[in-house]
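> 241 is the number of the first residue of the sequence shown in the working numbering; add one for each residue after it.
Hint data in this document are derived by calculation from the structure and do not stem from the laboratory. Check before you lean on any hint, since a few could be wrong.
As a list, the in silico SDA-like pairs of lysine to any residue whose alpha-carbon atoms are at most 25 Å apart [what the hints assert, rightly or not]: (1) Lys-319 to Leu-396; (2) Lys-374 to Val-304; (3) Lys-302 to Glu-314; (4) Lys-319 to Val-304; (5) Lys-374 to Ala-342.
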Amino acid sequence: MCLYIHYVLCLVAGAIDEQFAQRLKELLPNALSKLKPEVAADYAGNIGSFSNQLSDSTLGSKAVNLEVAIAGYEAIIAKVFTYSSFPEEWGKTQYNLGIAYANRIRGEKADNLEQAILCFQDALQVRNYELYPKQWADTQHNLGLAYCSRIRGNRLKNLEVAIESFHQALYVYTKETCPFDWAETQRDLGTAYFERIQGDISENLELAILCCRNALQIFSYEQFSTEWADTQINLGLAFLKRINGDQSENIEQAIWLFRIRGENRII
């Protein structure tokens with residue numbers, strides 16, 4: 241399979257560019273369809289792994305890496321890892337494709353987020369709570385992030401879906417068993433409550449503060465400096481907007497949070 245060999249060589253040589261991404265999108269599906277099923281499955285697994293590496297890579301152009309990763313995921317879903325033939329691989333690839341679209345730089349942000357949401361929803365057809373609880377929670381968390389960032393649709397409804405998705409993830413993510421995932425979801429849930437339109441604003445802000453404080457039980461400056469800094473900022477913003485309590489004390493608390501974050505110079 242010459243195209244696949246060229247794909248691997250380009251990855252090894254770091255020769256990924258816009259032309260290669262477009263060529264892969266055009267030719268890879270047809271190349272996979274010509275292989276025997278067992279051979280195609282082996283190639284598809286390797287292409288999926290390479291796409292994962294590219295999607296996460298900090299080398300080269302992030303925009304181009306994601307375009308190549310998306311082309312790889314879409315080709316193996318279309319021609320090899322179909323829902324009927326390889327449901328588990330199909331669900332995993334849909335999830336990875338959703339992450340790639342959520343992070344995509346090319347194209348319209350609104351379109352990319354809609355595609356990411358569709359991919360996560362498709363993945364949940366396979367990655368269910370009963371059989372794959374951790375994978376289900378991962379997908380719910382990322383679905384919540386996509387709805388939090390969603391441009392289309394009703395903002396009030398988008399945030400409610402995001403909040404529900406984060407709560408779903410927390411059925412599996414516990415402080416004891418998945419501390420980082422638990423803290424990350426608590427932080428993101430806090431953001432959703434901070435931005436929430438539905439419900440009582442003072443209650444939403446108290447929930448946002450609670451979630452941020454929960455996250456900081458895990459996100460210490462020493463171990464997770466970036467996450468710690470982001471959460472400190474979110475907590476400070478919640479205190480600035482807080483309705484309950486003494487307003488001067490809330491402002492002082494916010495100033496202290498911003499100051500301690502700034503003193504540690506986390507970018």
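> Please list, smallest to largest, the hint numbers that this structure does not respect.
Violated: hints 1 and 2.
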